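With these hints in hand, go ahead and build the complete structure from the sequences.
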Amino acid sequence: MKQLLAKAKKVCDQAEIYYTESEETTVEFRDAKLHDIESNYKSGYSLRIIKDGKLGFSYTRNLINPDDLIKNAVNSLKGKVEARYEFPSTITALQLETFDPVLNDLTSKEMVAECSRLCEIFKNKTDAEIMMVAGKGSENLRIMNSKGTDLSSKNGSYFLWMGLTYPGGASGIRRTYINKSFQTTPEELINEMIDMYNSSSNVVEPESGKMEVLFMPNSVYTLNWRTLSGTSGKSVYEKVSPLSEKIGLKIFSKKITIFDDPQDDTHPWARSFDDEGISTKEHTIVENGVLKNFYYNLEYAEKLGAHPAGHGYKTSRWSGDSISLKPLPSLQHIKIHPGNTSLSEIIKSIDKGIILEGVMGAHSGNIPNGDYSVGVSPGIYVENGKILGRVKDAMVAGNVYETLKNVVTVEDKTHYTWSGFFPAILCDNMSVSTKK
Amino acid sequence: MFKKLGNILAKAEADYADIRYEVMKETFITFNGKELSRIGSNITDGYVLRVLKNGGMSSVAFTKEEDAPGAVKTAVENAVLIGMNIDKSIKLAKIPVIKDTFLPELKEDPRKIPIGEKLELVRKYNDIPLSHDKIVMTNIGYSEVNREKYFLSTEGAEIREDLITTSLRGLITSKDGNLTQNIRVGSGGSDGFQSIRNLEEKLEKRTGLVLDLLKAEPVKGGVYNCIVDPNLAGVFVHEAFGHFSEADIIETLPAMREKMEIGSQLGNEVLTIIDNATMPDQLGFYKYDDEGVPVREVQLMKNGVLTGRLHSRRTAMEFDESFSGHCVAEDYRFAPIIRMGNIYIEPGTDSFEKLLEKLEDGLYIIDAKGGQTSGENFTFGAQYGYLVKDGKKAGMIRDINMSGNLYKTMMDITAVGNDLVLSKTGGCGKGQLNIRSCNGGPHILMNNVVIGGV
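Each protein sequence line maps, in turn, to chains L and V.
Using the working numbering, you'd call the opening residue of the first sequence number 1 and step up by one each time.
Using the working numbering, you'd call the opening residue of the second sequence number 1 and step up by one each time.
Any given hint might turn out to be false.
[Said to hold, decoys possible] Restricting the straight-line Cα-Cα distance to at most 20 Å, the calculated cross-link-like pairs of lysine-lysine (PhoX-like) are: (1) V:175 <-> L:239; (2) V:124 <-> L:80; (3) L:78 <-> V:25; (4) V:220 <-> L:210; (5) V:11 <-> V:64; (6) L:326 <-> V:11; (7) L:109 <-> L:292; (8) V:88 <-> L:109; (9) L:80 <-> V:34; (10) L:239 <-> V:302; (11) L:33 <-> V:91; (12) L:435 <-> L:210; (13) V:25 <-> L:326; (14) V:112 <-> L:78; (15) L:33 <-> L:125; (16) L:54 <-> V:34; (17) V:34 <-> L:239; (18) V:124 <-> L:78; (19) V:34 <-> L:303; (20) V:34 <-> L:78; (21) V:408 <-> V:302; (22) L:7 <-> L:51; (23) L:435 <-> V:408; (24) L:246 <-> V:175; (25) L:71 <-> V:25; (26) L:435 <-> V:220; (27) L:109 <-> V:73; (28) V:220 <-> V:430; (29) L:326 <-> L:80; (30) L:33 <-> V:134; (31) L:154 <-> L:281.
These aren't lab readings, by the way, just hints derived from the structure by calculation.
The model shown is predicted, which means the values in this text are computed figures rather than measured ones.
Here it is as C-alpha cells:
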C-alpha cells in the first residue's frame with residue numbers, strides 16, 4: 001500500500017488509499033430447518049486523488065497492476081468533479097476493543113447447534129413458521145493518505161436474526177441479537193418474542209381513525225430515516241432539508257434525544273475513525289427535542305464551512321460495495337436516549353392503539369419532507385392496556401416533524417436493530433387507515 | 001479462463017460443483033444539482049463456487065485467486081455439515097449440458113462511446129429540470145454495468161455470457177416554502193446505449209409533473225377503487241404476486257406453499273401473468289441463468305388460475321416441476337437465487353376510457369415509488385395521481401401509499417386495459433440487487449385499495 005501511495009502521489013496534490021478485507025459466514029434456518037451455509041471472502045482497494053481542486057476516484061479488487069488503478073483515477077480527473085477539501089492528518093486514533101479473538105474459534109457447526117436449540121424452543125411454544133440466520137464476520141480496514149494518516153482497525157461480530165412468522169403471511173415478530181463474539185441467546189429475548197407472538201396470534205379488525213402508535217425498536221427507523229435525511233449535511237447543502245434554519249430550535253418533544261456514539265466498543269462495529277480517516281466522537285443531533293447539529297463528511301463540511309467530525313462513510317442505502325462508493329455523510333452508530341418506563345408499563349398505558357412491531361414501505365414516500373406512510377408488518381392492536389390481536393392491511397401515516405412532537409412515553413431500554421440502538425417510542429394522535 | 005476454473009473445480013471432492021468467474025466493468029456519471037459528483041470507469045472481479053456433497057449444498061464467494069483452495073475446503077465442509085443436519089437430501093434437476101458463448105446484440109454499443117460524450121448527454125438532461133425556478137435539486141446518474149461471466153460445472157457445462165446494462169435514472173426535487181416534492185425519472189435497457197437517447201421531452205414532462213405536485217392535494221386516507229397505471233401494475237405484479245412465484249421463497253413457508261398450489265384459483269379471471277425473460281429488447285433479457293440453465297417463458301397465471309412458478313435446479317426437484325432458468329446472482333459477490341426476469345400482466349381488451357367509465361368514482365394512481373411485501377401483505381407508493389369523478393379525471397393528488405392483501409387484491413382486479421408497458425429500469429432487492437428486473441402491465445382496475453393518507 002505504501003508503494004501504491006507513493007506512486008499515486010507523483011500524479012496529484014493529495015492521495016488516499018482505502019483498503020478493506022472481510023470475511024463472513026452465515027448459517028440460515030428456514031421453517032426451523034437448516035437451509036443454507038454461505039461464506040464470503042472479499043478484499044479491495046479504493047483510490048482518491050485530488051489535483052488542482054478536482055477529484056479522481058478508482059477502485060479494484062485485485063491489485064495486479066497498480067498503474068491501472070492510478071490511471072483510472074487520473075482519467076476520472078477529466079470530469080472535473082470539484083474537491084476543495086484536504087485529506088486529514090490523523091496521526092493517532094483511539095485503540096478500541098473491536099475484535100474478540102474468541103470469534104476465530106466459532107465454527108459453522110456451533111452456529112447450527114445454537115439455531116437448532118432455539119428452533120426447538122420456538123417450535124414447542126408457538127405455532128410460528130420459524131426463520132433464523134446466524135453469522136460471524138470480520139473486517140480489516142486500513143486508510144492511508146499523503147498527509148501521513150495511516151490508520152487500521154479490525155472489527156469482528158457475531159449476529160443472530162430470529163423471525164417468528166404467522167402462518168400464511170410473512171410478517172411476524174423479529175429480533176436481532178449481536179455481540180463481538182458468540183454468546184448464548186438471552187432467555188429474556190426469547191421469551192419476549194414468544195409472548196409477543198402468542199398474544200397477537202388472532203386477527204382483529206379495528207376501525208380507521210386517530211389512535212396511539214407504539215413504534216417498536218424495529219420500526220423506529222421509519223422515523224429516524226427521515227430525521228437523518230433532514231440533518232445530513234448533504235440535504236442541507238442541496239436545500240432539500242426542512243431543518244436548514246432550525247439549529248437551536250425545538251423540533252421534537254423534549255423526550256427525544258438522538259446522538260451518534262461511534263466509540264462504544266461494548267458492541268460490534270465501533271470506530272475511532274471514519275472512512276476518510278477523521279477521528280470520531282460522540283455527536284448529538286437532537287437533545288431534549290432541540291436540534292443541535294447536522295453531520296458532514298469532508299466534502300459537505302467544506303461546502304458549508306462546517307467542521308467535519310468523522311461522519312464520512314462509504315455506504316449506500318441499499319447493499320452497495322464499499323470500495324466502489326464515495327464517502328457520504330452518514331451516522332453509523334446512532335442511538336436514541338431511553339426514557340424511564342418499561343415496555344409492559346407502556347403497553348398497559350395505551351387506551352386504544354397499535355404496537356408497530358414492523359413496517360413495510362419505509363423507503364417510499366417523501367423522505368426529505370419527513371412524510372411516511374407504512375404498512376403494518378405486523379401491527380398489534382391494544383385496547384385499555386390489553387393486546388387484542390394483530391391487524392392486517394392497515395397503514396400508519398404521518399410526518400416525522402409532527403409525530404415526534406407527540407411523544408407520550410419512551411421505553412427505559414434501547415435495543416439493537418440494523419439501523420441503530422433504539423427504545424420503543426409511544427406517539428399520540430396518529431393516523432391509522434384500515435379496511436373499516 | 002475456463003482452464004483456470006477447471007483446475008479449481010478439480011480440487012473439489014464433491015458430487016457436483018460449479019464455479020462462476022466474472023469481470024465487471026462499471027461506469028458511473030452522477031450529478032447532484034449543477035455539480036458533477038462522480039465520474040469514472042472501474043473494473044472488479046471475483047468468483048463464486050458452489051458444492052453439492054452428501055446431500056448438502058453450500059457456496060463460497062471470493063475475490064482473490066489465491067483464496068481458491070481455502071474456498072473449496074470451506075464449501076465442501078459446509079455442504080457436508082448441511083447434509084448431516086437435514087432429513088431430505090438436496091438434489092438438482094437434470095438439465096441439458098451446454099457449451100456456448102452468448103454475446104448479446106447491441107443496437108448501439110455503450111462500450112464504444114467515449115465517456116466525454118456520455119457526460120455531455122447526462123449534463124444536457126440534468127440541465128432541463130434545473131432551468132426551472134422551483135426545482136431545487138436533481139440527482140441524475142448514468143450507470144453502465146458490463147458483466148463478463150464464465151460458468152463451468154463438473155457436469156461439463158461451459159458458458160460465457162455478457163450482460164450489458166445501460167441506465168439513466170434520477171430524482172427531481174421541487175420546493176415551495178416548506179413543501180418539497182420529488183419525482184423519479186429513468187430509462188435504459190439491456191440492448192444498448194440508444195435506450196437513453198432522446199429523453200429531452202421525458203425530462204420536460206417529469207419536471208412539469210413535480211412542479212404540479214407542489215399544488216396537488218394530499219390524498220385522504222381510506223378505501224378506494226383505483227385505476228393503476230402500467231408502471232404501478234408492473235410493480236404490483238412483481239412485488240405482491242411475483243415473489244411468491246419464486247419457489248425459494250414459498251418453499252419454506254408451509255401455509256403459503258399450500259395456498260400457492262398449481263391449479264388454484266387465486267385471481268380474478270381477467271388476470272393472466274407471464275414471466276418471459278427471453279423476449280428481446282427488454283431490460284430483463286438473458287439466455288442462461290447462473291446455474292447454466294437456459295431461461296424459458298413461464299406462464300404463472302392463466303385467467304386467475306395458478307399455472308407455473310420460477311425455479312432453480314434445487315427447487316425444481318423439490319417441487320417436482322420443470323426447471324425454468326431463473327436462478328440469478330447480482331454479480332460475483334453472490335451465489336444465485338431465484339429471480340423474476342420479465343414479469344407482466346397480459347393486456348386485455350378495455351381502452352383507458354372504458355376503464356375510467358367502469359371506475360366512475362375513485363383514484364387514478366401513477367408510477368411506483370418503492371414497494372415491499374411481507375407475505376400476503378404489500379405496501380407501495382405511487383408518485384402522483386388524480387381523483388376520478390363520474391368517470392372523469394379531476395384534481396391532482398400526492399402522498400399516495402397503498403397497502404393490501406395479495407389474495408384479496410388479485411380477486412379485486414376486475415378489468416385489464418389493452419395497453420402494455422414494460423419497465424426500463426429495475427432494482428429489485430431480495431438480499432441482492434437485480435438491476436435488470438423488468439416488469440410491466442396494462443392499466444388495470446383495482447377495487448377496495450387501502451390508501452394511507454396523512
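Here is what the structure says about each hint:
1. V:175 <-> L:239: This hinted pair holds, its Cα atoms lying about 9 Å apart.
2. V:124 <-> L:80: The hint holds at about 16 Å.
3. L:78 <-> V:25: holds, 19 Å
4. V:220 <-> L:210: holds, 13 Å
5. V:11 <-> V:64: holds, 17 Å
6. L:326 <-> V:11: violated, 39 Å
7. L:109 <-> L:292: Given pair residue 109 of chain L, residue 292 of chain L is violated - Cα atoms ~48 Å apart, limit 20 Å.
8. V:88 <-> L:109: Roughly 19 Å between the alpha carbons, so the hint for residue 88 of chain V and residue 109 of chain L holds.
9. L:80 <-> V:34: OK: residue 80 of chain L and residue 34 of chain V at ~12 Å, within 20 Å.
10. L:239 <-> V:302: violated, 49 Å
11. L:33 <-> V:91: holds, 17 Å
12. L:435 <-> L:210: holds, 14 Å
13. V:25 <-> L:326: holds, 17 Å
14. V:112 <-> L:78: Given pair residue 112 of chain V, residue 78 of chain L holds - Cα atoms ~18 Å apart, limit 20 Å.
15. L:33 <-> L:125: It holds: about 16 Å lies between the C-alpha atoms, which stays within 20 Å.
16. L:54 <-> V:34: holds, 15 Å
17. V:34 <-> L:239: Given that 20 Å is the threshold and the Cα spacing comes to 13 Å, the pair holds.
18. V:124 <-> L:78: holds, 18 Å
19. V:34 <-> L:303: Judged against 20 Å, a Cα distance of about 14 Å means the pair holds.
20. V:34 <-> L:78: Distance of about 17 Å is within 20 Å: holds.
21. V:408 <-> V:302: Holds: residue 408 of chain V and residue 302 of chain V sit about 17 Å apart, inside 20 Å.
22. L:7 <-> L:51: Holds, because 14 Å separates the two Cα atoms, which is no more than 20 Å.
23. L:435 <-> V:408: holds, 12 Å
24. L:246 <-> V:175: Holds: residue 246 of chain L and residue 175 of chain V sit about 17 Å apart, inside 20 Å.
25. L:71 <-> V:25: holds, 15 Å
26. L:435 <-> V:220: Judged against 20 Å, a Cα distance of about 14 Å means the pair holds.
27. L:109 <-> V:73: Holds, at roughly 15 Å.
28. V:220 <-> V:430: violated, 32 Å
29. L:326 <-> L:80: The given pair, whose Cα atoms are some 15 Å apart, holds under the 20 Å limit.
30. L:33 <-> V:134: violated, 55 Å
31. L:154 <-> L:281: Holds: residue 154 of chain L and residue 281 of chain L sit about 18 Å apart, inside 20 Å.
Hints 6, 7, 10, 28, 30 from the list above are not met by this structure, while the remaining hints are.
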